[in-house]
Amino acid sequence: MEGEIHGNANERLVHAVMTKDRIKIRKSMKHAHGAAAVEDAVGITELRTIHRCGTGAEEERGLRLTGLMKWSLDDFIVQEVWPDGFLSQVEEKEVRKKTATAFVLRVISEGIPDTAIAAFIEGRCPHRASLQFLTPLDFTSSQERFVLLHSPSREVRHVF
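Residues in the sequence shown are numbered from 1 upward in steps of one, following UniProt numbering.
In case anyone wonders, no lab produced these hints; they're calculated from the structure.
There's no promise every hint is true.
Computed Cβ-Cβ distance ranges for the label pairs, DEER-style [unchecked claim]:
no.: 1; residue 1: His158; residue 2: Ser130; range: 13 to 23 angstroms
no.: 2; residue 1: Leu148; residue 2: His127; range: 15 to 25 angstroms
no.: 3; residue 1: Leu105; residue 2: His127; range: 14 to 24 angstroms
no.: 4; residue 1: Pro152; residue 2: Glu110; range: 12 to 22 angstroms
no.: 5; residue 1: Leu148; residue 2: Pro113; range: 16 to 26 angstroms
no.: 6; residue 1: Ile108; residue 2: Gln132; range: 13 to 23 angstroms
no.: 7; residue 1: Ala116; residue 2: Val159; range: 12 to 22 angstroms
Beta carbons are placed, not taken as given, at the ideal position from N, Cα and C, and that holds for glycine.
Whole structure, please, built from the sequences with the hints as guidance.
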């Protein structure tokens with residue numbers, strides 16, 4: 001008798017959990033559908049390509065990654081904070097080296113990928129200059145970044 005009571009209670013508990021999961025799935029499906037409607041209305045990640053013959057916007061949407069819709073409205077703003085005296089330490093190391101120079105650049109790069117920033121900086125530097133982003137970030141929408149720039153010549157400091 002006692003085993004039957006526990007068995008029924010466990011069945012009710014399992015049924016309640018399954019019902020709760022079903023409700024969560026339905027809500028997430030509604031949210032995903034609503035996100036697609038908001039995305040179309042705002043045009044944040046709307047496709048700008050010319051539609052191929054016979055395909056509509058819904059078919060084009062099906063070809064995209066689903067994660068793009070989930071993250072399209074999020075905005076990541078990141079700002080690096082450095083301890084006091086860090087920049088002066090880098091400059092002191094530069095004074096000790098007679099031929100090479102190293103300094104930190106502050107770059108405001110909202111929405112620009114790191115590769116584009118690196119290509120721009122390397123294009124303005126003399127030959128054999130190397131750069132390193134001091135904080136690795138996966139987001140392409142950070143507001144302010146710091147780049148450590150090493151160069152064998154002192155002329156690079158006058159460029160920036």
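Broken hints, by number: The structure breaks only hint 4.
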